[in-house]
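Quick note, the sequences are listed as chains A and B, same order. Numbering-wise (the working numbering), the first sequence opens with residue 1 and increments by one. Numbering-wise (the working numbering), the second sequence opens with residue 1 and increments by one.
In case anyone wonders, no lab produced these hints; they're calculated from the structure. C-beta atoms are modelled at their ideal positions from N, C-alpha and C, and glycine is treated no differently. Errors might be hidden in some of the hints.
What the hints assert, rightly or not - Computed spacing ranges between beta-carbons, pair by pair:
id : chain 1 : residue 1 : chain 2 : residue 2 : range
1  : B       : I146      : A       : L105      : 34 to 40 Å
2  : A       : Q399      : B       : L259      : 32 to 38 Å
3  : B       : T132      : A       : S189      : 33 to 39 Å
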Amino acid sequence: MRPKVTQMAGLPVNDGGEPGRPGPLPSSTRAEEVRPGNPGKPDRPGPDPGTPRWRRAEVASVSKCFGAIQALDDVSVEFRTGSVHGLLGQNGAGKSTLIKVLNGLVRPDAGQLRIDENPTPFAGSPAWQVSTAYQELTLVPYLSVAENLVLGRRREYGVTSFESTVAAASEILRRWRVDDVDPRKPVKSNPLPVRQRIEIVRALERTDQVLVLDEPTSALDPAGADWLKGQIRHLRDRGVAVVIVSHRLAEIEDVCDYVTVLRDGRAVASESSSGLNEQKIATLMLGREMLQTQRVIADRHDEAPRATNTVLEVQSLSVEPALRDVSLTLGEGEVLGVGGLEGQGQHALFMTLFGAQRPTRGEVLVGGRAVRLKSPRRAIRAGIGMVPEDRKTEGLMLQRTVRENLTLPALRRVSRAGVVSPAKEAQTAAPAMASLGLAAGVFDNAASSLSGGNQQKVVAAKWLVADSRILLMFDPLRGVDVGARQEFFAWMTTFAAGGGAVLFYSSDIDELTTVCDRVITIYRGVVTGSMAGSEITRERVLAGMLGGDS
Amino acid sequence: MSQETATAVRVGERGAAVRSFASRKVGFLASAAVLVAFFAINASISEAVLTTYGFSSFVNAGATVALAAAGLSVVVMAGGLDLSVAAVVALVNVVVATRMQDTSASMMWVSLLAVGIGVAAGALNGVLVTTTGLPSVIVTLATFFIWGGAALLVLDSPGGSVPFDFADLLTGVRGGVPNAVLLLLGLCVLWLLLSRTSLRVNILALGGDRAAARANGVPVAGTEVAAFAIAGFCYGLAGLFLSALTVSGTPNLGADFTLNAFAAVVVGGTQFGGGRGTPVSGLIGAFVLYTSYSILFTIEAPSELNYVLTGAILVVAVVVQNPRRLLVSRSAEPVSGAGG
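The following block holds chain A by itself, in its conformation from the complex (with noise of 0.2 Å):
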């Protein structure tokens, strides 16, 4: 589907310009938030309001592979200078591999980018010159904030001073309104919100052409959101093509003039963003084909939550930033799901809970006594255990044999007098591996030999065998198939019933309308919703998921 060139409601109108492209702006309006106390001062870079170099860059059928992984599929894209185009998918929908490409980064392997109907590279043509404020920082921490700001920038080796580095970086920092940061200082020093304030300023500072933000509100405090906002409109005023990537709709819904909504490495949907909602979007961007199942656990569902054992009591528990006053109680023998877009705080709680981040504040009680959790050892010797996303670099030694991995916590538990028993090690790990459906021929195998689902059972049974009766499955199933899947679900109710708990994120809500006997929505860092039984609707965890109102 094609952007249509309608423009957004709310949005101004053309005053008698080029269509589809926003004219230049009444200063009455938009200018005065972008430079209060001083309108109307030409301080600020780029080419006149009205003349950019060109007017539509269509991306066509661009595609992408890693290896086996079709980061992008036939994805067309088109954007306009003095427009701002939302970008927006879940964590592997293709987004980064899409700014990649855009910015020259990545080759595609296949599809053309076409400049006002001209074919053109993507990367070293003057008239695509993008400039890219990434999520994952690209500041260098021990430089100053001067020198980040102007890095790279200096092609000339003549004598300058430090002292001339500040003002040249002063004057940025001025023209993009940021007025409470010392250019002398370390970026380090700063904190996160400001690190990203000044990567963002540093690709404004860059532009005039298109402005690629990546995540740009993820660290941002509200202040700093209104502030983004108003440079953004700047630009766009100034006729850059301004695009915005981010898995949050909220924070940028109201800047964006078109939408393109990626899921799975293709685009599926990409219009005016006047006929969008919050709702629709967070449709387009998590909707994955229902898997065809029925509820594993229909029959619990129904059932009022019992009185269980409390295994695992999490009280008050923050992580600044990410995390604010956590509580949740998980019970012998239940599932209990959360959901949450991504990065909501989710991973600091999960990453706390095993141990490998400190909380800031707040209380974790393990069978009603409260642990102090200082290292996943701790963690693992408390009996919980944590099966993560990403298998192949936090949950296995892939050149490891499963053997090796599956011993690996517990190797006390297989050794005799202090040396590891091969025979006590396969005693240990057979019924471990036989309760994933793992074949037991496997055993002396090479981790990276087995297929990904197999792989994340080989995890699963890791905390089989050392034991654990709390498990932490982080997004586990992203990329399995749908029959591991259904296998691994099978698996944790038993798991459950059989005297263990889970604590289970995924960001499919499918998966946790499915397996959970209770479910938790996060949203920026605190539980917005609770429900249990058939109170589990998409409905409901698609509202906690976004805010919430229980």
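Given the coordinates of chain A, work out where chain B should sit on it, guided by the hints.
For chain B alone, coordinates are given in the frame of chain A:
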């Protein structure tokens, strides 16, 4: 704006600049203060070090490692490590000891050749690191053997000779000032000039975060080669100075020298991992170590204690430079990928 406010603003800016200079250079100023304090202790025990002869032999003793440490600091700043220091210095040393004739023309040409060998060896390290993508430790371990072997090919056992005039040029005293001090100050001035180009920022950017440097258009490969080449330049000077000091050639300088240079870099305050530091602090670190040796010598402690003392100073220096590591338990560091 009135004249008065303008002046006030300028004074305010000056104050900010001074404060920012002090805060940026705090590590450097601290190691310089330690050097002054050590030297004062040394002088209070024995005034010999304050005599012209005593001071010049003190500076001469430390200068070779100091020059090498200055060069090594640049590589460390860029996020690398260079194990080939001793081999390059030795190669330069034996070339000088076997080639230099007692004519001023020969002294000049061989000196240029010596520095050229240093620069070439360093640049080759850099080229190998950037083209192979291997860790610099591995590459320079290899070149350590290569240059060490080359030095043995030039001169298979300690020997050779260096003209007296040349030795005097570098290690002598003119008007009460040891020539070595002028050489070291000259290197500092050279670095000050160089640090006013974008090269210094590029080197620190490369060491601080390679991916970020690349994303910002820093010429990563060129910067890395330049860092190693600057280091090689310093090794060349170190080799020249060693030749003047020992008036002979020593082909197998050995790993001791490399380790001393590394110790000097760390004591000076340039931290491994890159992104911070200055070669001047390498000079200071080397002299902090040599002053401590000098103190041990003066109190007639067994010279074997030098090693123990080096180790102790190293540990103290690193701890002082990283006070937060003492306060924050390591397990609190988030694992990679954390921060969802």
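Comparing the hints with the structure gives:
Judged by the Cβ atoms, the range 34 to 40 Å given for B/I146 and A/L105 holds: they are separated by roughly 36 Å. Remark: the range hint 32 to 38 Å for A/Q399 to B/L259 is upheld by a beta-carbon distance near 33 Å. Separation of B/T132 from A/S189 is about 36 Å and conforms to the stated range, judged on CB atoms against 33 to 39 Å.
Violated hints are absent here; each numbered hint is respected by the structure.
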